[in-house]
Every structure is written in structure tokens, then in C-alpha cells.
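Undergrad: Below, each chain spelled out in residue letters.
Protein chains: 2
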Amino acid sequence: MADLPDKSSAFIDWYLAVVEAAGLSDKRYPVKGMNVWTPYGFLARRQLDRVMSREIEATASRPVEFPTLIPANEFQKEGEHIKGFDAQVFWVTKGGSTELDMPLALRPTSETAIYPVFALWVRSHRDLPLNVYQIVNTFRYETKTTRPFLRVREIHFFEEHTCQVDEAAADARVRSNLEAFAKMAHSLALPFVPVRRPEWDKFPGAYYSVALDIPIGGVRTLQIGSIHHYQENFSKPYGISYETPEGNRKPVQQTTFGLSERLIGALLAVHGDAKGAVFPSEIAPYQIVIVPISGKGADGMDAFIGGLATRLQDRGLRCWVDRSEDRPGAKYYKWETAGVPLRLEIGPRESAAGTVTAVDRLGRKGSIGPTDLEAGIVRKLSEFDEELRKRALATFQQSFATATTLEELRNSKHVRVVPWCGTEACGHAIETAIDGSLLGVPESDLPIAVPAPGLCVACHSTGPTKWALAGQPL
Amino acid sequence: MADLPDKSSAFIDWYLAVVEAAGLSDKRYPVKGMNVWTPYGFLARRQLDRVMSREIEATASRPVEFPTLIPANEFQKEGEHIKGFDAQVFWVTKGGSTELDMPLALRPTSETAIYPVFALWVRSHRDLPLNVYQIVNTFRYETKTTRPFLRVREIHFFEEHTCQVDEAAADARVRSNLEAFAKMAHSLALPFVPVRRPEWDKFPGAYYSVALDIPIGGVRTLQIGSIHHYQENFSKPYGISYETPEGNRKPVQQTTFGLSERLIGALLAVHGDAKGAVFPSEIAPYQIVIVPISGKGADGMDAFIGGLATRLQDRGLRCWVDRSEDRPGAKYYKWETAGVPLRLEIGPRESAAGTVTAVDRLGRKGSIGPTDLEAGIVRKLSEFDEELRKRALATFQQSFATATTLEELRNSKHVRVVPWCGTEACGHAIETAIDGSLLGVPESDLPIAVPAPGLCVACHSTGPTKWALAGQPL
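Line order of the protein sequences matches chains A and B. First residue of the first sequence? That's 1 in the working numbering, and the numbers climb one at a time after it. First residue of the second sequence? That's 1 in the working numbering, and the numbers climb one at a time after it.
Watch out, some of these pointers could steer you wrong.
When chains are identical, the list treats them as one kind, so a pair holds in a single copy or across two.
[To be verified] Listed next, the in silico DSSO-like pairs over lysine-lysine satisfying Cα-Cα at most 30 angstroms (straight line):
#  : residue 1 : residue 2
1  : K27       : K236
2  : K77       : K250
3  : K275      : K250
4  : K94       : K202
5  : K250      : K183
6  : K77       : K27
7  : K236      : K32
8  : K365      : K144
9  : K77       : K390
10 : K27       : K250
11 : K94       : K77
12 : K94       : K27
13 : K331      : K275
14 : K365      : K390
Simulated from the structure, these hints should not be mistaken for laboratory data.
Bound conformation, chain A alone (with noise of 0.2 angstroms):
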């Protein structure tokens, strides 16, 4: 088997590569940008939405799902978005031979789709907070090159609409779901940072827009996700308004929190290294992959493996055991391609003493058992998680540097931390420097530890500046 190319230089490559080294997509499919989730790639993926339900559930959100096709007049409702999505929206014109008289939108996003029916929904204040979320599959006719994860034409999609009594309630809900995406990027092992993003570049119809975005490598950036405040601009067309407590009919205010399969592909880029996918245990397919190492006189062994194979499942791990014929150095390799966490090798000295060897996926070795085998295997499992948020940790904040001349911004090999003034004509002169896009103005603390900042990388005005984000978006 090749060598996979290399990460750092030579990113795209290197990516296409682990995703078909581990199994994960089969872009084979006859038509473009639609690719065939695999038995291994639908299991991370399952995993994926069991974390995003678990804690947007969490969060007083229940879960939905409306229809994928949207009517022409009602998709065209709002006129930004509209203007935003026109382009990217495949159309069904017919139903067997019989043109529809109707066109309908293969959903792109849902606020079309949903809203007319929070305008059924919604009728007093005693129905808000409206808190629902759909893990749907979405579509966009894409014409840039498509990426398995990264930019595809069927979506894994998660969005959460919600209604809210006023604009700070919706704001509130923008902290909430910040709140909440915090601990999926935890169990992701993703550290990631909230970015406002300027006037230029918020979602189509939206107040305001906060992406979610993490560095992978050089100058290059990842929105992984994004929050949006929609103000009335929605509730107004859509008629979604609600009787305050003192018989007044008002709009509601609303947000969106939306996230996709791109968190798979950001696990890969972020965690991923020369020997192809690593996965936190919470994502993996499989959590623990046992190998049997055969050997004379292993009496046993095969009951000693099948045993603790299930104790392991019954304790709810996604426990493997490769009884295929390839030989255990094949296997490891298979395995630390896929991105298993933990695995164990078991051969009759180990059985004999009732031990395992466990390798974790960062090359960590050592042995476990006899007594409390099974705590000792989970321990190793957390210890794993622990370590690479540590190091993922580590490569985030090395990914930022400061800029304070245009000059450094072309010659950025990081991603690049700006004082910027606000204004729009120095956001496009920071965008030109850096061959990129001003990202905006983060809305936590800054990945790297800055002083004040200081005049405009732009205009050099005296007037106050923000630090902002500047890269490459992949």
C-alpha cells in the first residue's frame, strides 16, 4: 500500500487519499458531488448526530423534520435569501409524465420550508421559546469542485429554527447555541473559534452571522458551522407573530444554528496524520479494534477474546474483533489508516495472564489487566480523548499569528489576527492583502494571547479597532 502524500504540503491530496484509505466515502457515484456513505463513514456519522442531538436536546430543543421540497412561491418569500441560494437550487418540475404546476426547491436550507408552518405553530406567547432542529439531508447545486465532506451537493445537515419573544431572547439563544456547540466540539476533540462575520458575508436574510471556524493548516480556514440572528427579517414575510400578555400581535425574532457532515471532514484535517484518519472515541466507528495474534498452544485465546469483546459491548463500546486472514501487521495498518482509537493486540501470552497490549492511535503502548481489565481499557479510551485535545489544543493556537502591515499579511503562513476599524473598504483591502476573506471579529477570547490593538492594518486611522481574523477558507 502507498504512502499516503504529504499533509502539510500537499493538504487536498493527502486528504482525498485518507478518505479512501479508510473507507470512509465512495465518490464513484454517477452523478457529481453526491457520494455513497460506506458501512464505516455511515457509522462516524451516526455517532456525529447522536453528539449534535445529545446536546442541542439538551438545550430544550426537540427534534423535527419537515418535507425536502419547498413550493416555488413559497421559497421565494424572502428576498435576500432568495437572491443568496437561487443559483445553487435544483428544481423538480415533474411528477411521472405530468409537469407540475408548481416548480418545487429540493430544500437548500429549511427556513422556506419551515416557516410557513411556525406561522401555524406560533399564536401566543405561551408557544415561545419554539426550539426545533432536523438533521436532514439538504442540496446545492455546486459548480466549485466538490470535496467528500467538505462541499457536496447532498448535505448531511443539521439545523436548528428557533422563534423567540425579542431580540435579546434571540440573542440569548446565539449564546446558547454557542454554549451547546462548545460541547460537541469537545467531544470532537475541536477547538474552534467564534467569528462575527462582517456585513459582506452574513448568511442570506440574516441580522447577523457567527461562523464557527478552525484553522487546518498554514493559512487555510474552516467554517464548520455558523448561528444566525434573523431579526423579523423572516417572521415578517412569513407571517409568524405572536399575542404578547397584553393582546398586541408582534413578530417573533428568530435564530438558526446550522452544522453538517463538514465536521467529519474537519476531524480528518484536524486530527488526521501521515497514517490517514484519527478519530476521538466519542466519532469512531469502532472504539477499539481487538487483533488476535495467533501462536502455538492458545488454548483459550479464542474465548478469552470473544469474552471480552462482549463485556466491552455490553459496556455500550463499539468493540471490533479482525478474525480476518490478513496478518496482524496488515491489520494494524488497516486500522491506524480508519482511525481506530484503541487497539488491542491479544496473542496466547496475553490470554494466558488474562492481559491485553493496547496501542492508542498516537502510537501510545502499554499493557492492561490482569485485574480491572475492562476500567483499564476504558481509561486507556479517555486518556486517548485527553491527549489529542491536548495536541489539537497545541496546533490551534500555533495556527494564529499577529499582522500589523498589509506587507506581513501577504506573507502570511498562519492565520492572521488584525486590528481592523469596522469598515467595510479596509475588510476588501485586509481580503486582497491576504488572498482571502476578513473572517470578522471573534466573539470569545482570542486563540492567542494579544495586547490592545493597535491602529488599522488598513487605514492606519486613530479611530478605535478590533482585532479581527483573516485567512484563506478553504
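Position chain B relative to chain A; hints supplied.
TA: Same frame as chain A, but now just chain B:
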């Protein structure tokens, strides 16, 4: 709140009223036959999906997901299949404002999406059996009247697709699917009969089809799933073949197994009563609802209820405390309509004694605690399921009656068990007499005790006959 229509004399009216009163689906979405999964309905569906996934994965089937859109040329490779579905397909013809070169079908079922990729996945006999399944939405441009869960245009669908080494292995997979469904049906408390459909009623493209039928009152039946043997009907046009150990290439033999959200409709139809829905505990969105009965001097009642709810949730039970401002009687009514298996009434008296008053959805009342409170509640839930199963089985058995003359068939008040010679002409004569369908010959024991079949009910031929089922499929 108005009473529900009568279930036996006005089944469809009763059914629609229950779906609405229980809050399982919202059909006010502006596309006919495409309904909104409300939070409550979605939770039932999520449980159903888990049961289906668990049982099929226990038979070595692995989850996948193939794209929603199928290129027209792939869709049209198998002649019978395309004839069967052509009139029902939604077509995507535009991306943005661009006319697509190749129209894309929204999958009405996924054979034609999956099999071009199976042709890449299967190379050698070592790749067989290949058993994968997906739970996705499918789309059918239905022209008949749509009904929530029973007949919709966007269908939540379970489909297993397998490749087997030969015809006998494919027959064995059909039997394995039947066993897996029997386990699902146990969780659903849903007695069923597997029936081999007559030739003229097979799935388009199948060699043979086994349908899973249930009686739903009077002459009416509901097909709740199907298992098909395709032989080489798809593997030949799609080029799915393998190298035998001897080095020859051979087309695989294929099977599929389909289930859908219709199972939720079946649960309502079979278990529902004059008060509304009744969910078996594995599917119930909430298994337990706690209704606090307020009173004077209720010190510690809140803490008792909160603690109990937490301990039940820690055991993995779906428990909801209804702290809304409605009166207890209104809450009883609401949760009975919604089909919650077990209601716990807790007032100051219960709280002080550490007990609960438990009322199950079949109306059986008792006190639980103070010792072993949670275990007692778990036991009550399992007794509820057993009783539900017992009642459903009794109703099931009472739903069938033999008929040995066409005259009897014409006056059917039951699903009929008839002696049939096996010819299509007599099959159609039976269908005309009962104003419905010859469902076919059961693959299992008949639901009622019968002697050896006598002369064919239609032609009275003295040749060999078999007992077949006839009814009016919904």
C-alpha cells in the same frame, strides 16, 4: 375536546382524528402528501428506526446511505422496474437556472441508485454475502388519496439490499429477514402474516415477493413491509458479478427487504382505541408521564418527583414530567390520547409514602412502592407490553375466517382464508368476489386452525389447492 369517531364503523375518520389529536404529524404543509414530523411523531419514528436498525444489524447487515438523486440512464436499466415506477417518479430537471443534461429521479426506492455501485463493490466470492441497509426518505408522486404514515409522497423508508452467492443463499436471506421482522414485530406488539404474493402482484422486477400483511378490521388489510428475491433480474443489467473459487464469473443473486413509516400507521390501527393512540413501550415517544397532583402541605413532593424522573431516565427510560398548568384530568386525557404506556400520579400522599399510583394505557391501575419503586415501574411497563401483545394477538386471530364459496367471499366481514388452485384466472375471480385482492399463500402457519384445503373456491377443480388469503388492502 370532542370524542373521536368510531373506530370500527368509521375507521379512516377515526385514524385521521387520532393522528391529529395525538400530535403525531402536521399535514398542513403546502405540498399534498408531504407532512411535517412533529416533535412527538419524530420521537416515535426515531424509536422505530432504532428497533429496525438493531434487529437488522443483528443479522450482519451494515448501514449505508446512497444519494437521493438517480440519473435517468441508471434508473432505466431494468425494464419491469421502470415500468412499475415510471408514473410515480419526481424528476429534477434544473440546477439553478441551468437545464440538466441528464434528468435526475428522486429515488422512489433505491435499487437503481445502489446497484451501479454494488457492481464496483462485488469482485470475488469473498465479498459475499453483501448485506447493507439504509433508512432514508423516498418519493412517490402518488395520485391516490394520501394519508399520514399510510400513503404519503415523501416516505420514511427502510430498505435492505443484499447480494448472495446463489439462489439458495438468497432464499435463506429471505428467511433471515422474516426472522428479523418477527423480532421487530415483537417489539411493536404487531402480529402479522407473511404472504407470498401471486405472480401478478409481485414487486416490479422481482422473482418472488413475500409481503407482510396485517388485518386492520373487517375485510381490510394493510401491507406493512415486503421481502423480495430478485434472482439475477437486476444483477445482470447492472453487471453485478463475482469470481467463483474456480475462477468463473457469475451474476449475484439479490434480495431486498422494505419497511416504512407505515408501521407507525399500523401501530395506530392495531392498538388504538376510542381514547386515541396506544404505543408499545419500545416505540412510545414517552414511556412514562408523571402527573403531579397538587395539594396542601406537599413538602418534598417536587423533589420526590424530580428524583424519580431522573432515576428513571438514568435507566434509559423516556420519562416526562407534565408540569404544565392544566388540571390533572386534562393531562390524563391528553397523554391517553397520545398513547403513553404508563401514567404515574403523584400527590402529597404518594410522595410522603414514597409510592406512586400507576395507570397503564389499557386502564389497569395499581400502587407501586415504596420498596423497589423503579423496578416496580419497569415491571409495570413490561406487563403492559405483554398485555398489549396478548390483546393484539386475540384480535388478529379473530380477524380471519375461511370461505369455501364465492358467495361467502362476497359477504365477507373478515379477511378470508380460501382454498385456491393457484391459477391467475381463479385468483382474479376471488378478487372480484371480495372486491379486493388475493393476497397470496402464507409463508407461515395460517393464523387460524384449518383442515386440509378442499376444492378451489372459484373453479372447484379437484387438482391440488392451497389456503390463500383474500382481503381489501388499504
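Undergrad: Is the C-alpha distance from K94 to K202 at most 30 angstroms within one copy, between copies, in both cases, or in neither?
TA: between (34 angstroms within a copy, 27 angstroms between copies)
Undergrad: My question is about K27 and K236: at a cut-off of 30 angstroms on alpha-carbon distance, are they close within one copy, between copies, both, or neither?
TA: For K27 and K236, only the inter-copy Cα distance (23 angstroms) is at most 30 angstroms; the intra-copy one is 42 angstroms.
Undergrad: When no copy is named, should K236 and K32 be tagged within, between, both, or neither for a Cα gap of at most 30 angstroms?
TA: Between copies, since 25 angstroms is at most 30 angstroms while 38 angstroms is not.
Undergrad: At most 30 angstroms between CA atoms: does that hold for K365 and K144 within a copy, between copies, both, or neither?
TA: Neither way: K365 and K144 sit 43 angstroms apart in one copy and 63 angstroms across, limit 30 angstroms.
Undergrad: First find the shortest C-alpha distance between K275 and K250 inside one copy, then the shortest across copies, and answer within, between, both or neither for a cut-off of 30 angstroms.
TA: Answer is neither: 57 angstroms inside a copy and 37 angstroms across each miss the 30 angstroms cutoff.
Undergrad: How would you label the pair K77, K250 (within, between, both, or neither) given a Cα cut-off of 30 angstroms?
TA: Within one copy only: 19 angstroms inside, 55 angstroms across.
Undergrad: Reference check for the pair K94 and K77, CA-CA at most 30 angstroms: within, between, both, or neither?
TA: both (23 angstroms within a copy, 20 angstroms between copies)
Undergrad: How would you label the pair K77, K390 (within, between, both, or neither) given a Cα cut-off of 30 angstroms?
TA: neither (47 angstroms within a copy, 53 angstroms between copies)
Undergrad: Is the C-alpha distance from K27 to K250 at most 30 angstroms within one copy, between copies, in both cases, or in neither?
TA: Result: close only across copies, 26 angstroms inter versus 48 angstroms intra.
Undergrad: One pair to classify: K77 and K27, alpha carbons no more than 30 angstroms apart. Within, between, both, or neither?
TA: between (35 angstroms within a copy, 21 angstroms between copies)
Undergrad: Checking K365 and K390: alpha-carbon separation at most 30 angstroms within a copy, between copies, both or neither?
TA: This pair counts as within: shortest intra-copy Cα distance 18 angstroms, inter-copy 55 angstroms.
Undergrad: Taking 30 angstroms as the upper bound on the Cα-Cα distance, should K94 and K27 be classified as within, between, both, or neither?
TA: Result: close both inside a copy and across copies, 27 angstroms intra and 22 angstroms inter.
The structure fails to meet hints 3, 5, 8 and 9 from the earlier list, while all remaining hints are met.
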